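Protein chains in written order, with our numbering: chain Z, 199 to 553; chain U, 268 to 355; chain D, 196 to 487.
Keep in mind that the hints were calculated from the coordinates and are not lab data.
These numbers were taken from a predicted model, which means no experiment stands behind them.
Just so you know, not all the hints are guaranteed correct.
[What the hints assert, rightly or not] Estimated spans, in silico, between C-beta atoms of each pair:
hint, chain 1, residue 1, chain 2, residue 2, range
1, Z, Ile204, D, Gln358, 25 to 31 Å
2, U, Cys347, Z, Thr207, 25 to 31 Å
3, U, Arg343, D, Arg473, 52 to 58 Å
4, D, Gln427, Z, Gly216, 48 to 54 Å
5, U, Arg343, D, Lys314, 30 to 36 Å
6, U, Arg313, D, Asp392, 42 to 48 Å
[Said to hold, decoys possible] Coverage of chain U stretches by chain D, computed from C-beta distances (three or more under 8 Å per stretch; other residues unrestricted):
hint, stretch
7, 271-278
8, 330-341
[As the list claims (entries may be wrong)] Part of the chain D face toward chain U, derived, beta carbon under 7 Å:
hint, residue
9, Ala212
10, Met243
11, His247
Even glycine gets a Cβ: it sits at the ideal position worked out from N, Cα and C.
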Amino acid sequence: MSNEPIFETMIPRRNARGAEVRSLLAASGLEIEKDIQIFVVACDAGRIVACAGLAGEVVKCVTIAEPYRGSALACRLMCEVQMLAMKRRHSHLFLYTKPGNAVLFEGCGFHMLAEVKGHACLMENTPVGIRDYCDKLQPFRQTAQRIGSVVINANPFTLGHLHLVREARRACDWLHVFVVSENASAIAYAERLDMVRAGLAGMDRVTVHRGSRYLISKATFPGYFIKDSCVVEACSTAMDLLIFRKYIAPALGITHRFVGSEPFCRLTAKYNEDMLDWLETAAEEGAPIQVVEYPRFEVDGRAVSASEVRRLLARGDFAAMDSLVPVATLSQLRASYPRVRPAVDCRATELIGVM
Amino acid sequence: MCGTLESNDLLVKVEPRNELEVVISSVVMRQFGVRIRQVVDETLQRMEVTHGLFVIEDKGALDCTIQARVQTAVMRASECEELDWSVL
Amino acid sequence: MKKPRRSMLFIPGSNAAMLSTAFVYRPDSIMFDLEDAVSLRAKDSARMLVYHALQLPMYREMETVVRINPLDTPFGHKDLEAAVRGGAEIIRLPKTDCAEDVLRLEREVEGIEKECGRKAGSTRLMAAIESASGVVNALSIATSTPRMDSIALAGFDYVVDMQTQRGDGMELFYARCAVLHAARAAKIDAFDVVFSDVNDDEGFLKEVNLIKRLGFNGKSLINPRQIELLHQAYMPSEEEVAKAKRIVEAALEAERAGHGVVSLNGKMVDAPVVLSARRILDLARSSRASAY
Chain Z
199 MSNEPIFETM IPRRNARGAE VRSLLAASGL EIEKDIQIFV VACDAGRIVA
249 CAGLAGEVVK CVTIAEPYRG SALACRLMCE VQMLAMKRRH SHLFLYTKPG
299 NAVLFEGCGF HMLAEVKGHA CLMENTPVGI RDYCDKLQPF RQTAQRIGSV
349 VINANPFTLG HLHLVREARR ACDWLHVFVV SENASAIAYA ERLDMVRAGL
399 AGMDRVTVHR GSRYLISKAT FPGYFIKDSC VVEACSTAMD LLIFRKYIAP
449 ALGITHRFVG SEPFCRLTAK YNEDMLDWLE TAAEEGAPIQ VVEYPRFEVD
499 GRAVSASEVR RLLARGDFAA MDSLVPVATL SQLRASYPRV RPAVDCRATE
549 LIGVM
Chain U
268 MCGTLESNDL LVKVEPRNEL EVVISSVVMR QFGVRIRQVV DETLQRMEVT
318 HGLFVIEDKG ALDCTIQARV QTAVMRASEC EELDWSVL
Chain D
196 MKKPRRSMLF IPGSNAAMLS TAFVYRPDSI MFDLEDAVSL RAKDSARMLV
246 YHALQLPMYR EMETVVRINP LDTPFGHKDL EAAVRGGAEI IRLPKTDCAE
296 DVLRLEREVE GIEKECGRKA GSTRLMAAIE SASGVVNALS IATSTPRMDS
346 IALAGFDYVV DMQTQRGDGM ELFYARCAVL HAARAAKIDA FDVVFSDVND
396 DEGFLKEVNL IKRLGFNGKS LINPRQIELL HQAYMPSEEE VAKAKRIVEA
446 ALEAERAGHG VVSLNGKMVD APVVLSARRI LDLARSSRAS AY
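Bound-form chain Z, shown alone (with noise of 0.2 Å):
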């Protein structure tokens, strides 16, 4: 019985109000972004004046008209976002804003995780987020001076990888290898961290660690996953190295990151440069990181890049596989796809100044 504005979930591509959403949006200067799957809005007498767009486990283009701006609305879309959410089996949401904003959803159960000054801030809806997985973390942190890190997507694992933590073990007193964890690549997770494991296997002072929500994910770093997306935002690399160095870095005593040289894609090569910014040189929270890149493993007078092994492994060609992977890989590839797949992935990019 009350005038209380009522919410609906929309598609905004599949439906005739999606224009509504995209001025709403356009009045905060903001668009829809490609990777938003479903929206939360909130309807006044039939006009659409708040909304807030879920893509997966990430909360982004939220948005209140002027005139409802103030908690009470700010509150309810929060939690019909995460009603939502769980519906869709996400339950830990992250959510992206302009720093200004972060008071009012610090009032709506999200907390801050970093901003990047000036321009975003990311924040997730536990006060236990971060803080838990730097607890399980923990226990894997040794004691010595020179601890080093190395971040992977493995996708596959070549060569190129393994050599890159030969360097890196060489020099520090411990490494510690992080396989990306986001399902998003043509090999999926779990065969990626197996040929890694397999890889590295007998290898000591080595600790290989699944990757996480908070490490070169969706949520930490959106622009590495849009399909075809060479675009490099201010801020799209920051925020993933700010979390690393303010957190992730601290609970192991990382004091080094190592990457290989990236000759071949734009957006990894940004990533490295960036990486040098925010880890070792802005003033930023948590002790600077020495930022340390090695040219790539080559073969034959080439760069090894995992692209390059997933177009063959595309074609079915695993003798010419044969000089830019490890055994276990191979075995892991033939086993894994015995017949040729056409369908997958030959995407450029491939990340962390790896391969």
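Since chain Z is already given, all that's left is putting chains U and D on it; use the hints.
Structure of chains U and D alone, referenced to chain Z:
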């Protein structure tokens, strides 16, 4: 999940865990943080809840509201239809 | 002195903030709604909120009513458990169409009272009439059980059932009369419909004056602002009070003097007139007593 973030209410989120943990975030943390924890703990104890992660976002709710929301969250999480009134 | 029952404030059972604070408005009775005001997904949490709110000291001091969901829904019985165990004075049964609906409710209530050790018969019932059938069966509903506390007319669903809309009140005329007559015949109270336009004070007062003249004991309200307006409208005027005082005094005089007949200003005053005067004084006294 149960509740709202409106004034005088609270949001209770439950996730499976191997042990019992209660995390409280409140707009009146300083004055009532301890009391809120007490009420939540007692409510969980009476319902014999032994594990789960309970995240409470409180906006100044009365004890009775806290009890009600926590009880409902537990029932939803355990998908329990029948209520044993003696434990409430 | 009978407690006034002019204002029955509806509170959505799912609104924790309102449950925490509604008592400050001091309505004559408070109705916690688990039915129409609560969305499907919030039914379970509203039930628990109301169960606990009922036990708060401030609500113990007031008359509490709980509107449960119909018993043929998945929620009705659980609502009833919560309401009876929580200590609600009255259970409001929506969509009461016939006496059997009430008797069915009564059986369930009896069972719960026994199980939880609540005094048998302490939970009273209010039938909400929301359909043509209900109106037509009003008398048998009103007299169906000694637990019957009152009968209320619910306007929205009723006019839908009657295939018309809310308007100037003509559409409720017969229903109001039928419900009132049933209530009076059964010697229980009668409550009128909700006035949903919270911004229309004039319209609200017009309706209040109408139902007061018809003889309703009170009205359901959805906004605390309406409480004050309603109480003022129900307050007897000074003139009425003065006149009533004189009548009652004359009656007392006659009693003291042993006269069989009461007279005032040379005219005979019938017993019903004296009764009516007493009621007015009661209303005036209790209105003042319950004023801020």
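Confirm or reject the claim that D:Gln427 and Z:Gly216 have a C-beta distance inside 48 to 54 Å. 51 Å, holds
Go ahead and decide if the range 52 to 58 Å is satisfied by the Cβ distance of U:Arg343 to D:Arg473. Check passed, 53 Å falls within 52 to 58 Å.
Does D:Ala212 meet its interface restraint, that is, does its C-beta lie within less than 7 Å of any C-beta in chain U? Holds. Min distance 4 Å.
Close enough to count: is the Cβ of D:Met243 nearer than 7 Å to one in chain U? Nearest chain U Cβ about 4 Å off; hint holds.
Under 7 Å is the threshold here; is the Cβ of D:His247 close enough to any Cβ of chain U for the hint to stand? 4 Å, holds
Could you check the hint for me, namely that U:Arg313 and D:Asp392 are 42 to 48 Å apart, CB to CB? 45 Å, holds
Whether chain D covers the stretch 330-341 of chain U (at least 3 residues having a Cβ closer than 8 Å to its Cβ atoms): holds (count 7)
Can you let me know if the beta-carbon spacing of U:Cys347 and Z:Thr207 is within 25 to 31 Å? Check passed, 28 Å falls within 25 to 31 Å.
If you look at each residue in the stretch 271-278 of chain U, do at least three have a Cβ nearer than 8 Å to any Cβ of chain D? holds (count 6)
Verify the CB-CB distance for Z:Ile204 and D:Gln358 against the hinted window 25 to 31 Å. 27 Å, holds
Pairwise beta carbon distance, U:Arg343 to D:Lys314, judged against the given window 30 to 36 Å: 33 Å, holds
The earlier numbered hints are all upheld by this structure, with none contradicted.
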